[in-house]
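Asker: In case you want the letters, here they are:
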Amino acid sequence: MDYIKKQLPNSLMKTGGIMLVFGVIILILSFVFTPERAFFDYLWIYLFMLSIGVGSLALVALEYLVGATWSTPFRRITEIFASATPLLIILAIPLFFGLHDLFHWTHTDAVQNDPVLLSKSSYLNVEFFTARTIFCLLLWTMFYFLIARNSEKQDVDGNPVYTKKNITLSTIFTPLFVISITIAAIDFAMSLEPHWYSTIFGVYYFSGTVIAALAATTYASVKLKEGGYLDSALGNDSFYSLGTLIFAFNIFWAYIAFSQFLLIWYADMPEETFWMINRWDGSWKFVSIALLFFHFIIPFLLQIDRSSKTNFKSLKIISIWMLAAHALDLYWLIFPTLFKGNAGFGWQELSFPLIVVGLIMVIFKVSAEKKNLMAVKDPKMQAGLDFHL
Amino acid sequence: MFGKILKKLDEKLLKSEPRTGKLFAVAALFDKPDDIIHAAEKVTERGYKNYDVLTPYPLHGMDGAMKLKPSKIGWVAFIAGISGTTLAFLMMWWMSGIDYKIIFGGKPYFNLPPSIPIMFELTVLISAIVLVNSLILIYMKLPANANPLMDTEFIKRVTSDKFGIYIQADDPKFNVDEVRGLFQSLGSSSVSNINEAEYEKGDSKNPLLSLKFMGVVAGTCVVTVLVSYFVLQVLLFMPPFSWMHEQPKLLPQGKSNFFKDNWSMRRPVEGTVARGFIPYEFKGMPDSMVVPTPNPLPVTKKVLEVGKKRFDTYCSPCHGYFGKGDSRLRGQFPAPPSLHTEKVRNWKDANIYHVITNGQNVMPSYESSISRDDRWAIIHYIRVLQRSQNAPDSDLESK
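Residue numbers (my numbering), protein chains in the order written: chain A, 139 to 527; chain B, 892 to 1290.
Worth flagging that the hints you see were computed from the coordinates, not collected in a lab. Owing to the predicted nature of the structure, the values given are computational and were not obtained by experimental measurement. The beta carbon of each residue, even a glycine, is placed where N, CA and C say it ideally should be. A hint or two may mislead.
[What the hints assert, rightly or not] Distance ranges between label pairs, derived from CB positions:
1) B/G997 <-> A/P253: 43 to 53 Å
2) A/P253 <-> B/R1219: 56 to 66 Å
3) B/L978 <-> A/K143: 32 to 42 Å
4) B/L1117 <-> A/Y335: 52 to 62 Å
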C-alpha cells in the first residue's frame, strides 16, 4: 500500500469552528429567552452526538468481533468519529441543569399524586438516573480508549497481538453496549413521556445510531478518497459494503419501527396509544408521514440498485440523506413532549444543524491530527484493499 | 450400505458415460482460485462469449475477470416481489374488507397495519418461488430434464474441491483443438469434452417424456408418500392430546361416589325454585283449564325486535317467516296450520303462550329453548304478523 499521511485542510477547522460558534450563540440566546425549549434542543444535539460517537464505537467493535476484512480500510475513520465519545461526558453536564425542564418524573410533587409514576420511581429518580448516565458514559469512554489505543499502537509495529486484544475487548464490549444503549435510549428519550413504555425502544434507538454512524463513515470516507487522503489501492468495490450496510440497517430500522407501531396499534391500550396519538396530532401528522418516506421508503428505493452503492456521488447523497433522516427521527422522538398538538421549528432549532455539523468537523480535524487515516499496519488491511465483488 | 445401493441405482438408471450426443462443451478443471480467475481473464480476452465458470464457493473478483454485466435476475425478483406485495394487499382487502367481515377490537374491517406483515411475507415468498423456478428453467435448460453438464466427472469435481470453466460448442469462435490447447496452456489439471446426454443412436425425443424418467419421477412420488405415511402415522404416531377432556371434575349426570346417592349433581332443596326457572302453572293441562293472563310485556319497538328475532329462529322453520305455515321444512314435516286463521286471531295471548310452552300435536314444547320473556315477545310479534295480513280499513284511514 502507498498510504502517506496528509494533513486535513485547515478550512475544516475554520468552517466547523464558525458554525459551532454561531450555533452556541443561538443556543445561549434560546437559553435566555426560552429556557425549556433550549434544553430540548440541547437534548436533540446530545442524542445526535451520542448516535455518532457510540454508534461508531459499536461499528468498530463489530468489525473486530466478526472478523470483517472489507471494513478495515475504513475502520480508522470510524474510530475518529468514535472519538466523540469522551466528549459526551462534558456535554452531559448541561443536561443535568435541565432535568426539571426535560423530564416530568423529576417533579416530586406530581409523582406523589400519580400511582403510575410512583410505582416507577424506584427506577426513574434523579440519583439512579445520574448513576446510570455516569456508568454508561464511563463504559463507552473506557472502551473507546482501550480499543483506539491498541489500534494506534499497531500502526507503529504491526503486531497482530493488538488485533487479538481488540477482539477480546470487543467481545466484552458488545453485550455491555447492548445494555448501555438500551439504558441510554430509555433514560434520555423514552422517559420524556414517563407514563409510556415500549420494550423495543432500545433496539429502535440502536438501529438509528448505527445508521448515523455508518452514514458519517461513508460520507467521510468518500470525501477523503476523492481528496486523495486514502490509499490509492482502495477501490469502489469496498465502498459497496458500506452502502449495503446502510441499506440493511435502514430496513432493520423500518422493521423495528413498524413492530413497535403494530403492537401498539393492535393492543389499542390508552396507556400506549397516547404516545403515537401525540405524533399524529395537528401538523405532527406530516412529520410522522415525512419520517416514513424520508427515513425508509425513498432511501430504500434509491439504494435498491446495485450501482448506487459503488457510485461515489450517490453514496454521498445517501449518507447525507440518512444523517438528516436520523436527525428527523430524533426530532420525532423528543419534541412531541414539548410541542403538544403541533410540530414547531423556530430559530432556536437552528442551533442543532450548526452545532452538530460544526462540532463533528472540529472533532474530526482535531482527532485526525495525530492519527493515520488508515490503520496502516493492520494484518487484515491487505485483504481489505484486495476486496472485490 | 445406503451409499452402495444409491451407487448401484445410479449406475442402473442414470447412465453417465459414454455419451453419444453432439459435443456440448469443452471443460477444464483448475486447482486454485487464482488459476481460475486468471483462466477466466484469458478466455474473456480471447473473445469467447458462451462460457461459464463453476466454483464450489463464490470467488471475489470473478465478476471483473469475466467482465460480467449486472445480472438482470434482480429485475425478475423485483417484479415478482411487487406482484407479491400487490397480491397480498388485494387478498387482505378482499378477505377482511369484503368477503368475511369480522369486527376486531372496534377497528375498521380492513386495516393497513396488520396487512403489512402479510404483504411482506408474500413479497418474499413470491419472489423466492419465481427465482427458484427461473433458476430451474434456465439451468435445467427446460424442456430438457437436465443440463448436459449433469452426471459428468466435471460437475462432481466443481461442486466439491476444484474450480471449473467450460466453453460451449455453440460459441462463434469455438474450435475443439484450440480450446483444449488454451486450457492446457493455462495449466489445467484435466480437460474433457462434454457431449449432450444421448446414450443410444437416434435417442432424440424429449428426455422429459422418456418412459424411464417419468417412471423414476412416479416411483419417487409413491415412495415419498409411503415413507412419509409410515413415518408420520406409524413410527412417530402419538395419540392426540386428551388433557382437556380428562379433568378432575364431575360431569352432569355422571356417577360419583362422593355423595351417598351416587349422583354427581345435587337436587334443589325441596320447596325452592331455582333463579330464572319460574315453573309454568298450567303445565300439561288442556287448553280449557288455562286462566287467561295478559301479556306482561309492553308493545315497544325493542320488544318487537326481540320477538321477531326469536320467531325467525325458533318458529319460522315450520310456520314460515310470515306465519302462513309455508315452512322451509315442507315435505319433511307436516306443515302447521296458518297463524292467520280466525281461530288463532281470536285466541287470547295466554292461549298462544300455553301452546308454545306445552306444545300441541306435532309441535314440541319450547319451554326449555325460549325464555319466558322471549315467549311473550314472540306473541307480540305474532300479533303484528296477524295485523299485517288482516289490516282493517281503519288502519289505512288513520294514516
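Asker: Determine for every hint whether it applies to the structure shown.
Answerer: Comparing the hints with the structure gives:
1. B/G997 <-> A/P253: 43 to 53 Å: Violated, at about 27 Å.
2. A/P253 <-> B/R1219: 56 to 66 Å: holds, 59 Å
3. B/L978 <-> A/K143: 32 to 42 Å: Between B/L978 and A/K143, where Cβ atoms are some 57 Å apart, the hint is violated.
4. B/L1117 <-> A/Y335: 52 to 62 Å: Holds: the Cβ-Cβ distance is about 55 Å, inside 52 to 62 Å.
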